[in-house]
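Chains as they are written, first to last, in this note's numbering: chain S, 1 to 309; chain G, 1 to 309.
Mixed in with the good hints, there may be bad ones.
Said to hold, decoys possible - Here are the simulated DSBU-like pairs of lysine-lysine, each with C-alpha atoms no more than 35 Å apart in a straight line: (1) G:Lys187 with S:Lys4; (2) S:Lys300 with S:Lys285; (3) G:Lys285 with S:Lys303; (4) G:Lys127 with S:Lys21.
If you're looking for bench data, these hints aren't it; they were derived computationally from the structure.
There are 2 protein chains.
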Amino acid sequence: MTKKVLINEVGLRDGLQIQQKFVPTEGKLELGQALIDAGVRAFEAVSFVSPKAVPQMSTAGEVWAGLPMKDEIYYSALVLNEKGYDRAMDSGAKVVSMALASTNKMNEANIRLDLESASAMFVKLIKRAKDDGVETRGYVSTAMGCPYEGDVPVETVVELTKLMLDAGADKISIADTIGSAHPEQCKRIFATVVEKWGADIFGAHLHDTRALALPNAWAALEEGIREFDSSIGGLGGCPFAPGAKGNVATEDLVFMLEQSGYETGIDVGGLLRAVGVAERLVGLKLGGRITEWWLSQERKKAKAAAEAA
Amino acid sequence: MTKKVLINEVGLRDGLQIQQKFVPTEGKLELGQALIDAGVRAFEAVSFVSPKAVPQMSTAGEVWAGLPMKDEIYYSALVLNEKGYDRAMDSGAKVVSMALASTNKMNEANIRLDLESASAMFVKLIKRAKDDGVETRGYVSTAMGCPYEGDVPVETVVELTKLMLDAGADKISIADTIGSAHPEQCKRIFATVVEKWGADIFGAHLHDTRALALPNAWAALEEGIREFDSSIGGLGGCPFAPGAKGNVATEDLVFMLEQSGYETGIDVGGLLRAVGVAERLVGLKLGGRITEWWLSQERKKAKAAAEAA
């Protein structure tokens with residue numbers, strides 16, 4: 001089984017979307033460049049959603065136009081309805097993500113549709129994308145727990161996966177949107193979908209709310225998953241709600257993977273420089289769980305070098 | 001395979017031993033009681049070592065005498081030479097731990113013997129304990145990396161395990177003393193020893209220096225390991241060396257295990273009360289990685305209860 005793992009950086013979208021401090025287009029592009037410099041080659045870069053609902057994403061078109069478009073960099077844009085899809089097409093997006101939540105209440109909160117209507121709407125959009133030759137990434141969001149309805153049966157995840165694959169989705173990402181998963185659950189869910197469809201089309205989208213994102217990622221990896229969403233510095237969640245952490249930090253995930261012999265093509269030191277950029281932009285202390293240790297090692301090395309000189 | 005996991009709390013020894021603020025006997029016993037109240041039933045309670053080298057452990061005899069000795073609570077005492085063993089026997093210990101490091105330099109730093117001499121000394125002590133009807137826990141320390149000699153071959157871990165088992169050791173704990181392990185390495189080491197001797201006699205002793213203790217624990221668990229050392233609040237490491245974290249925090253490990261359907265018999269809320277005791281005793285902010293989230297949930301519940309009243 002391959003040791004190559006694709007890291008899909010979602011800090012520019014999932015990470016920034018709920019930050020109180022508005023980050024202008026040039027700041028977002030600066031962060032994107034810092035991540036590219038660190039070796040990141042896949043991004044969920046923007047969402048085309050209502051600028052009223054999500055002011056940080058009002059810059060989506062500008063950001064998309066400003067990104068360095070190169071063959072070796074993979075960019076996706078999140079769309080949650082037809083209007084968003086149209087805007088993504090106008091911007092020239094070649095990959096769109098869509099997030100179908102696992103429950104009625106979560107879909108209602110997110111897009112004001114119940115699960116059945118949301119399913120029908122996304123099926124239609126996926127088919128349209130197929131016709132347009134656009135790649136689609138179907139997210140089963142709140143797949144490991146819903147803030148409104150609680151536990152989500154594995155059968156629901158399988159059903160929504162099948163629905164999107166049948167409509168023509170190219171990839172499926174199983175999302176622990178609120179960070180309520182535990183590793184046994186991750187193992188069970190990924191084992192189930194991998195058995196049905198193979199590992200190659202699946203990704204995992206994990207949040208670190210309860211500090212279990214790394215063991216969850218490890219459990220998914222052991223089931224053959226080789227694509228993970230993550231967010232630089234653990235950006236995301238709500239900075240004003242203690243304990244509500246964001247996505248698994250890219251630097252933590254990359255560190256664990258590289259240490260364990262997996263290949264991400266990404267440099268942890270470069271990621272920590274990107275964390276610095278993100279901190280300046282959002283005006284908050286960020287950073288995953290390995291930051292403190294990493295910086296202490298760098299200080300040690302610098303001291304040793306100074307003493308040797 | 002059993003879902004029961006034994007948590008061996010080492011905060012009173014490994015956690016406190018390098019704390020700058022001296023914790024008197026009554027403080028240590030208060031912390032022990034808080035942990036018992038939370039449901040902890042196994043402790044490495046003290047080490048019988050030179051009070052000059054480790055002043056915190058100068059209270060070992062007093063602490064041992066003050067612990068609530070009950071059939072359902074398992075206490076071990078660390079000894080590193082014959083003198084320590086004699087003191088443990090004088091105190092009435094029924095279980096002793098011994099730490100044989102994997103390299104010459106680590107043994108020299110720890111007990112001023114090279115690997116061969118250290119091995120011979122511990123073999124002699126284990127045999128003596130066997131004759132005395134005392135249970136022995138043999139630790140292969142720095143089994144996953146040595147601060148002086150770097151990488152440690154799996155073969156060395158197997159060899160030292162065999163040496164101690166042949167001498168009559170009852171349990172073997174494989175220790176990532178400096179927290180340098182990654183989950184692939186944990187998996188490989190535990191798979192190797194479990195294949196040879198079965199999982200039942202093995203425990204894992206993990207440190208969280210590089211934030212990988214939970215995925216490492218998960219990897220060990222998946223190989224059948226059902227006994228883990230951990231330290232309340234992540235006590236240990238050096239509080240004055242940024243980045244040098246202590247043992248995996250008991251509350252994090254218990255939370256992950258209980259969430260995943262394993263049974264520890266321990267209550268996370270009770271552990272967080274014990275963290276409060278430990279913080280007061282050592283005068284430092286402590287707490288594992290789930291603390292912030294857990295407390296935010298408790299605040300939410302309290303607010304909801306107040307509004308309902």
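*If any of the earlier hints don't hold here, list their numbers in rising order.*
When the structure is compared with the hints, only number 4 turns out to be violated.
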